[in-house]
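Given chain A, put chain B in place with the hints provided.
2 protein chains.
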Amino acid sequence: MDDEAQVLALNASFYDAFEALDHDAMAACWSRRPSDTCVHPGWAPLHGWSSIRQSWRTIFANTAYMRVRPVDVSVRLDDDLAVLTCVEELYSVAESVTVQGAVACTHVFERVDGRWRLVLHHGSPIAASQHTPSLDPTGVN
Amino acid sequence: MDDEAQVLALNASFYDAFEALDHDAMAACWSRRPSDTCVHPGWAPLHGWSSIRQSWRTIFANTAYMRVRPVDVSVRLDDDLAVLTCVEELYSVAESVTVQGAVACTHVFERVDGRWRLVLHHGSPIAASQHTPSLDPTGVN
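Those protein sequences? They're chains A and B, same order as listed.
So for the first sequence, the numbering used here puts the first residue at 30; every next one is plus one.
So for the second sequence, the numbering used here puts the first residue at 30; every next one is plus one.
Chain A on its own, in the form it takes in the complex (with noise of 0.2 Å):
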């Protein structure tokens, strides 16, 4: 695969490890260092792997059902450095509280010891007037 390839795939597993509420899957993706960075919808940024992971493990504790599919995906790619950028179609129960609806994700992935990993995940909320999602919550499609 080319180094696009790489990526794309690499995207794709953040986004399965996420609706799998997979903590080890999603723990795979990133590099897993103290300059790792997160922004999750609504929260200050979060620097290195140790309060990453944790922001982690407290959404998926908290979650009860995920559906999330990347829409509108462009890549830029640098030699070590690769800005992706996604629309987030999700779609979540959370203590009986259903959230359907859309997020604006930039992510920044880096080659480390020859393999790309994510280093920066950064999501917010984009306004329903803004988009329509065309998710199906039941996965069937």
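Keep in mind the hints are simulated off the structure, nothing from the lab.
Treat the hints with caution; some may be incorrect.
To give an idea of the interface, some chain A residues facing chain B are shown, with a C-beta separation under 8 Å as derived from the structure [unchecked claim]:
#1 66
#2 71
#3 72
#4 108
#5 135
#6 137
#7 151
#8 153
All C-beta atoms, glycine included, are put in the ideal place defined by N, C-alpha and C.
Quick look at chain B alone, frame taken from chain A:
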């Protein structure tokens, strides 16, 4: 100046332009290409300089007073790509509505024809409980 200093200077220029509501100075920060991407808080991603330019015109036209200061700035550099994260502390007045708050920001800069240019801006609101701004709204300090 080394690359990191140039990137930090360009980041400072971005906030100077934002605070001054100066469209030409804002435009000068960007690469102004179809691949540019901009996510304003609550907005869907905008792609291409044409859409991004219009968004800043709209924001500046609807803002009477703006104070903004980047804090917690960190930079990651590759050959021709730089990723910067910070928190924007801001105070703005728009049509008699005053907003004081914090925005999590990711910037991506690319070296284009030997000069660093902004190619991605992603801002997302931070919940008031997550960050306490220390910005002085008067601009005296």
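**Request:** Return the status of the interface hint for residue 66 (chain A): holds when the least beta-carbon distance to chain B is below 8 Å, violated otherwise.
**Result:** Holds: closest Cβ of chain B sits about 5 Å from residue 66 (chain A), inside 8 Å.
**Item:** residue 108 (chain A) as an interface hint toward chain B, with CB separation required under 8 Å
**Value:** Holds: closest Cβ of chain B sits about 5 Å from residue 108 (chain A), inside 8 Å.
**Message:** Restraint: residue 72 (chain A) near chain B, CB-CB cut 8 Å. Satisfied or not?
**Reply:** Since chain B brings a Cβ to about 6 Å from residue 72 (chain A), closer than 8 Å, the hint holds.
**Item:** Hint validity - residue 151 (chain A) Cβ closer than 8 Å to any chain B Cβ
**Value:** 5 Å, holds
**Message:** Would the hint on residue 135 (chain A) be counted as holding, given a Cβ-Cβ threshold of 8 Å to chain B?
**Reply:** Status holds, d = 5 Å.
**Prompt:** At a threshold of 8 Å, is the proposed contact between residue 137 (chain A) and chain B supported by beta-carbon distances?
**Reply:** 5 Å, holds
**Message:** Please check whether residue 153 (chain A) passes as an interface residue: C-beta within 8 Å of a C-beta belonging to chain B.
**Reply:** 3 Å, holds
**Message:** residue 71 (chain A) was flagged as interface toward chain B. Is the shortest Cβ-Cβ separation under 8 Å?
**Reply:** 5 Å, holds
Taken one by one, the earlier hints all hold for this structure without exception.
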